[in-house]
Structure formats: C-alpha cells, structure tokens
Amino acid sequence: MLKVENINVYYGSIHAIKGVSFDVNKGEIVTLIGANGAGKSTILNTVSGLLKSKTGSVTFLGNTISGIVPHKIVTRGLAQVPEGRRVFLNMTVEENLEMGAFTRKSSELRDSIDDVYERFPRLKERRKQIAGTLSGGEQQMLAMGRALMSKPELLMLDEPSMGLAPLLVEQIFDIIKELNALGTTILLVEQNAQMALSIADRGYVLETGRIVTSAKASDLLNNDAVKKAYLGG
Amino acid sequence: MKNNEKIIPMPLRYLINIVLFVVFLLVMNNLIVSGTIPKYYAGVISFIGVNIILAVSLNIATGYLGQLPLGHAGFMAIGAYTSALIMKAASGSATIFPFALIAGGLIAALFGLIIGIPALRLKGDYLAILTLGFGEIIRVILLNIDNVLGFTLTNGAAGLQKIPKTTNFLITFIMVGITCYVIHTMMKSRHGRAILSIRENEIASESCGINTTYYKTLGFVVSAFFAGIAGGLYAGNIGILSPSAFNFMKSIEILVMVVLGGMGSMFGSVLSATVLTALPEALRRFEDYRMVVYSLVLVIVMIFKPSGLMGTYDFSLNGLLDKLILKFRGNHTEKGAMPQEKKGEAAVRKKEGKLK
Numbered sequence: 001m002l003k004v005e006n007i008n009v010y011y012g013s014i015h016a017i018k019g020v021s022f023d024v025n026k027g028e029i030v031t032l033i034g035a036n037g038a039g040k041s042t043i044l045n046t047v048s049g050l051l052k053s054k055t056g057s058v059t060f061l062g063n064t065i066s067g068i069v070p071h072k073i074v075t076r077g078l079a080q081v082p083e084g085r086r087v088f089l090n091m092t093v094e095e096n097l098e099m100g101a102f103t104r105k106s107s108e109l110r111d112s113i114d115d116v117y118e119r120f121p122r123l124k125e126r127r128k129q130i131a132g133t134l135s136g137g138e139q140q141m142l143a144m145g146r147a148l149m150s151k152p153e154l155l156m157l158d159e160p161s162m163g164l165a166p167l168l169v170e171q172i173f174d175i176i177k178e179l180n181a182l183g184t185t186i187l188l189v190e191q192n193a194q195m196a197l198s199i200a201d202r203g204y205v206l207e208t209g210r211i212v213t214s215a216k217a218s219d220l221l222n223n224d225a226v227k228k229a230y231l232g233g
Numbered sequence: 001m002k003n004n005e006k007i008i009p010m011p012l013r014y015l016i017n018i019v020l021f022v023v024f025l026l027v028m029n030n031l032i033v034s035g036t037i038p039k040y041y042a043g044v045i046s047f048i049g050v051n052i053i054l055a056v057s058l059n060i061a062t063g064y065l066g067q068l069p070l071g072h073a074g075f076m077a078i079g080a081y082t083s084a085l086i087m088k089a090a091s092g093s094a095t096i097f098p099f100a101l102i103a104g105g106l107i108a109a110l111f112g113l114i115i116g117i118p119a120l121r122l123k124g125d126y127l128a129i130l131t132l133g134f135g136e137i138i139r140v141i142l143l144n145i146d147n148v149l150g151f152t153l154t155n156g157a158a159g160l161q162k163i164p165k166t167t168n169f170l171i172t173f174i175m176v177g178i179t180c181y182v183i184h185t186m187m188k189s190r191h192g193r194a195i196l197s198i199r200e201n202e203i204a205s206e207s208c209g210i211n212t213t214y215y216k217t218l219g220f221v222v223s224a225f226f227a228g229i230a231g232g233l234y235a236g237n238i239g240i241l242s243p244s245a246f247n248f249m250k251s252i253e254i255l256v257m258v259v260l261g262g263m264g265s266m267f268g269s270v271l272s273a274t275v276l277t278a279l280p281e282a283l284r285r286f287e288d289y290r291m292v293v294y295s296l297v298l299v300i301v302m303i304f305k306p307s308g309l310m311g312t313y314d315f316s317l318n319g320l321l322d323k324l325i326l327k328f329r330g331n332h333t334e335k336g337a338m339p340q341e342k343k344g345e346a347a348v349r350k351k352e353g354k355l356k
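So the sequence lines, in the order shown, correspond to chains W and U.
Going by the working numbering, the letters in the first sequence line up with residues 1 to 233, in that order.
Going by the working numbering, the letters in the second sequence line up with residues 1 to 356, in that order.
Source of the hints: derived by calculation from the structure; they are not laboratory data.
Errors might be hidden in some of the hints.
[As the list claims (entries may be wrong)] Think about it this way: if two alpha-carbon atoms lie no more than 27 Å apart in a straight line, the pair counts; the simulated DSSO-like pairs of lysine-lysine are:
(1) K323(U) to K305(U)
(2) K128(W) to K105(W)
(3) K123(U) to K72(W)
(4) K18(W) to K228(W)
(5) K72(W) to K54(W)
(6) K250(U) to K327(U)
(7) K3(W) to K18(W)
(8) K216(W) to K177(W)
(9) K323(U) to K128(W)
(10) K250(U) to K124(W)
(11) K128(W) to K250(U)
(12) K39(U) to K165(U)
(13) K327(U) to K105(W)
(14) K128(W) to K327(U)
(15) K151(W) to K18(W)
(16) K54(W) to K327(U)
(17) K228(W) to K26(W)
(18) K72(W) to K52(W)
(19) K88(U) to K165(U)
(20) K305(U) to K162(U)
(21) K52(W) to K162(U)
(22) K54(W) to K18(W)
(23) K216(W) to K228(W)
(24) K26(W) to K3(W)
(25) K188(U) to K124(W)
(26) K188(U) to K151(W)
(27) K88(U) to K188(U)
(28) K250(U) to K123(U)
(29) K72(W) to K188(U)
(30) K128(W) to K52(W)
(31) K250(U) to K165(U)
Every value quoted in this text rests on a predicted model; they were computed, and no experiment measured them.
Kindly produce the complete structure, drawing on both the sequences and the hints.
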C-alpha cells in the first residue's frame with residue numbers, strides 16, 4: 001500500500017534520514033520505533049509531504065506521492081495525526097471534526113461525525129466544548145477523530161502516547177487496534193516501544209536516521225538488542 | 001453563544017439587520033443634510049467610516065489569519081491614488097465613481113497578491129518588517145514617480161489636488177455596511193473556517209487537507225482590496241492626497257484600532273475605529289494634552305484588557321434577541337412546568353425523610 005524507497009532528508013546541512021526504505025501492506029499495523037532524534041517524525045512528515053526528500057520515492061496505492069503538496073496527499077486517502085496533537089484550540093470539538101472533513105463533500109459530513117462519536121463517546125459528550133479545555137487524552141482522541149474524518153485508507157499516528165497517563169495510553173492503543181480491525185491501515189511512530197510492538201504486526205527499529213532492524217513485532221519484542229536498547233533489558 | 005439555537009429564522013435575521021442599518025443611514029443623513037450635525041462633524045463621521053473599513057479589513061489579516069502586516073496604509077494609498085486619478089480623468093462624474101472605487105480596490109488587491117505570495121512564506125516579525133518596507137516603498141514611489149515618468153501623475157510631495165469630492169456620509173457608510181457584510185459572511189463560510197484554522201495551527205490545518213498558502217493569500221488579498229476601497233473613499237472625502245498621509249504611522253494607527261478593539265472581533269474593530277477617530281477630535285479643546293490622553297487610553301486598555309476591548313467576542317443583534325426570547329419563554333415555562341417537577345422532587349425527599 002505504502003512504499004518508501006531510499007529517502008534522504010536534510011534539515012539544512014544536517015543529514016537527518018539516511019537512505020530509509022520500508023513498506024506498509026494493506027490491513028497492517030506497522031510501527032517505527034527508536035529513541036529521541038532517530039528520525040521517526042521526520043519520516044512521517046516526509047510521507048505526508050510536509051518535508052521533502054532529496055532522493056528516492058514515496059509510493060501510495062501505486063502512485064508516486066513524493067513532491068506533491070500536503071493538502072493534496074490528504075485527498076488521496078492518507079491522513080496524519082501530527083505530533084503533540086495540535087487540535088484547533090479555540091474551536092469546539094465538533095468544529096474541529098468538521099475541519100477534518102475539509103476535503104470532502106459537506107453532505108457526507110454528518111455520517112462521518114456520527115461515526116467518530118460512536119468510536120469516541122467522550123467526544124460526543126463534549127461536542128460543544130472548546131477544544132482547548134479538553135484533557136490531553138481527550139485532545140488525542142479529537143486529533144485522531146479529526147484525521148478519521150477524511151476517511152483515510154492509511155492513518156499515520158505520530159507519538160499518540162506522548163504526555164498521557166498510562167491508563168489513557170492503553171485506551172488510545174485499544175482504539176488504534178479497533179480502527180485497524182475495521183480496515184484502516186496504520187503506520188505508528190512511537191517512543192513507547194513496548195506498547196507499539198504489542199499491537200503492531202511488524203516493526204522497524206530506527207537509529208540516527210537509519211533502519212537497523214526490521215522484523216515481525218513479536219520477534220522484535222524478544223530480540224535481545226531491542227530489549228536492551230528500548231525495552232529496559 | 002454557540003449553544004444557543006437560532007430562534008429567529010434566517011431571512012428574518014438579515015431583514016432585521018438591514019432595516020435597522022437603513023434607518024440609521026436615513027436618520028444620520030437627514031441630520032447631516034438638514035445641518036443639525038455641523039459640516040465639520042459630518043466630515044469627522046465620514047472619516048470614522050473610512051477608518052472602520054480600514055480596521056475591519058486589517059482585522060482579516062491580523063485577527064483571523066494571525067499575521068502582523070504593517071503596510072496597510074500602502075494598500076490604502078494605492079486605492080486612494082487609483083480612484084482619485086480615475087475621478088480626475090472623468091472630471092467628477094458620479095456614475096464613474098463606483099467603478100473608480102472598485103478599480104482602486106482591485107489594484108490594491110493585485111498588489112496584495114504580489115506582496116502576499118512572498119511575504120506569507122515568512123512569519124511574525126519577519127512578515128511585519130517586509131510589509132513595513134512595502135508600505136514605505138509605495139509612499140516613496142508616490143513621491144518620486146513623476147520624475148521617473150517625466151510627466152505629472154501623482155504630483156509628488158505637493159500632493160494630488162482638486163480631486164472631485166464625490167463621496168458623502170451616505171456613500172461612505174453604505175460601503176461600510178457592504179464591507180462588514182462581505183467579511184462577516186466570508187468568515188462564517190467554509191473559506192473563513194479554513195483561514196481561522198491556519199491561525200489556530202498551521203500544521204494541523206495542512207494535515208486536514210487545507211491549502212494553507214492559498215487561504216493565507218486569499219485573506220491577505222481580501223484585506224488589501226478593502227483597504228483600497230477605504231483609500232478611494234478617503235480621497236473622495238478629503239479632495240487632496242499627499243504621500244505623507246500614508247506613512248508608517250498611518251499603518252500603526254490602523255493596527256492600534258484592531259488591537260484595541262480585540263483581534264478577531266469585527267464589532268471590536270468597528271467600535272475602536274469609531275472611538276479612536278472621534279477621541280482626538282473630542283479632545284481638541286485640550287490641545288496640549290490630547291495626545292497624552294490618547295496614549296494613556298491605549299496603555300490603560302492594554303494593561304487591564306490585553307485581549308482588546310471586545311476580545312474575540314462579536315456582537316450579534318439577532319443573537320441578543322434570541323437570548324431575550326429564550327429568557328421570556330423560559331419564564332413562561334417556569335411558571336407552568338417547573339413547579340410540578342419541584343413537587344415531585346419534594347415528594348421524593350419526603351419519602352427519603354420517612355425512611356430515615
């Protein structure tokens with residue numbers, strides 16, 4: 001479904017991503033794990049078009065999407081939940097969701113909003129509330145709900161566990177699993193490697209801009225090197 | 001506000017506003033024409049109208065889009081000179097005036113597009129400095145273009161004189177009404193939402209599939225267009241244009257109106273444009289102190305209400321009426337339905353008491 005081949009991304013003169021290739025198949029949950037500064041978010045931002053790669057290509061559903069502007073990539077069925085949630089703080093919950101469906105016809109809006117409310121009952125309770133007054137976990141749900149409003153084939157999540165209480169993290173990951181079971185393919189970027197690998201099908205381990213290991217998630221959980229580096233021994 | 005249902009149906013809401021606005025126009029116009037309001041004050045009122053358009057249009061770029069352009073006087077100057085030159089060529093024909101006004105707006109919008117595309121790649125202070133430079137360039141061009149062209153176009157520092165005075169209170173305030181209506185409708189539409197979402201969070205709005213470059217430019221161009229219209233009205237009101245009227249201080253003056261009124265509040269912009277235009281006139285008696293008072297007002301407001309007089313609150317007459325109707329109905333139902341509920345509650349309490 002998504003194929004990333006040999007991308008090299010630079011921030012000015014800093015070579016952040018060094019020849020990374022990976023792929024995501026339909027129906028999978030794939031995770032990219034790695035320490036701070038390994039380049040996880042940079043890779044997601046490159047796929048969604050916010051950053052440009054100097055070489056290589058990104059192919060989605062058989063079409064090359066590298067070099068296309070971000071808002072056009074969204075219309076092709078690829079949605080991103082950006083790092084740090086980034087909800088529209090001064091808009092209400094429902095307005096936030098409506099913004100997520102910006103690329104779609106307004107006649108389909110109502111159904112999609114109801115779908116999201118069904119998935120996140122908490123958001124329905126707070127639909128008229130200003131997003132800035134939601135808790136961190138609720139904002140994460142809202143950010144995910146907003147991304148789902150574009151009816152994506154592939155949903156990319158950037159650190160959904162960031163800054164959340166452990167209980168909420170589990171809740172969020174349960175929802176990710178549910179979404180996947182309903183047919184949304186997921187590309188998950190996480191620092192919380194244990195959690196990410198426990199729900200993923202496959203995983204890639206990143207280190208300073210390179211993929212060092214890739215395997216089935218269950219194998220990575222038992223891999224000694226990975227255990228030592230990311231899972232606390 | 002947002003939780004309130006709209007009780008008054010949609011066409012009626014427009015009708016109420018239009019009727020009240022027309023009544024306001026007719027009453028004021030009568031007062032001015034009959035001389036009840038002296039000519040001098042009528043002039044001040046017209047400038048209030050021009051300043052309202054300027055503040056409301058700048059509010060698109062500052063309040064809604066969240067940028068800080070400092071070259072609004074530049075767009076105003078372009079509109080003013082364009083429509084003044086056309087009106088001079090048409091020797092004051094009243095039928096040409098609307099076209100001259102729109103031409104002024106369009107040329108200003110064109111410059112908004114030219115300057116907006118590179119400027120909006122920048123943020124915050126960088127955008128401020130770039131637009132500041134643009135405003136000054138326009139002023140300096142207006143000063144010196146005659147020497148370059150070799151014939152008299154803007155008449156340099158001496159100023160463009162004997163511009164037909166084609167505007168009056170009525171025309172100015174009809175334009176104020178149209179401006180406010182168009183901007184209000186635009187901001188309530190899908191496009192307005194997109195512009196607001198950019199202010200809220202640019203990356204998030206990009207990831208929602210919003211073409212942020214397009215919408216930023218759109219906001220900037222619309223803002224410039226209405227500044228051009230305001231310029232045209234200004235020229236028609238005052239009858240003489242000199243480049244020094246459009247200096248950096250003019251841009252700051254408009255920005256102060258927007259910030260004082262509350263960024264993102266159209267009502268706030270209208271209110272503070274009115275107050276800040278009228279205040280220096282009202283204080284004319286205290287000649288020496290009036291700038292002190294003016295500055296003091298700004299300092300005090302910013303200390304005690306940094307979000308501006310209105311914050312982001314926008315006044316809606318119909319919203320107010322809705323609330324009043326709700327309250328009225330609420331009182332009625334309270335008398336009828338509420339007591340029964342209370343009786344029920346009381347009965348439950350009695351039972352509980354017995355059980356205890």
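When the structure is checked against the list of hints, which entries are broken? Sort them ascending.
6, 10, 11, 13, 15, 16, 17, 20, 21, 27 and 30
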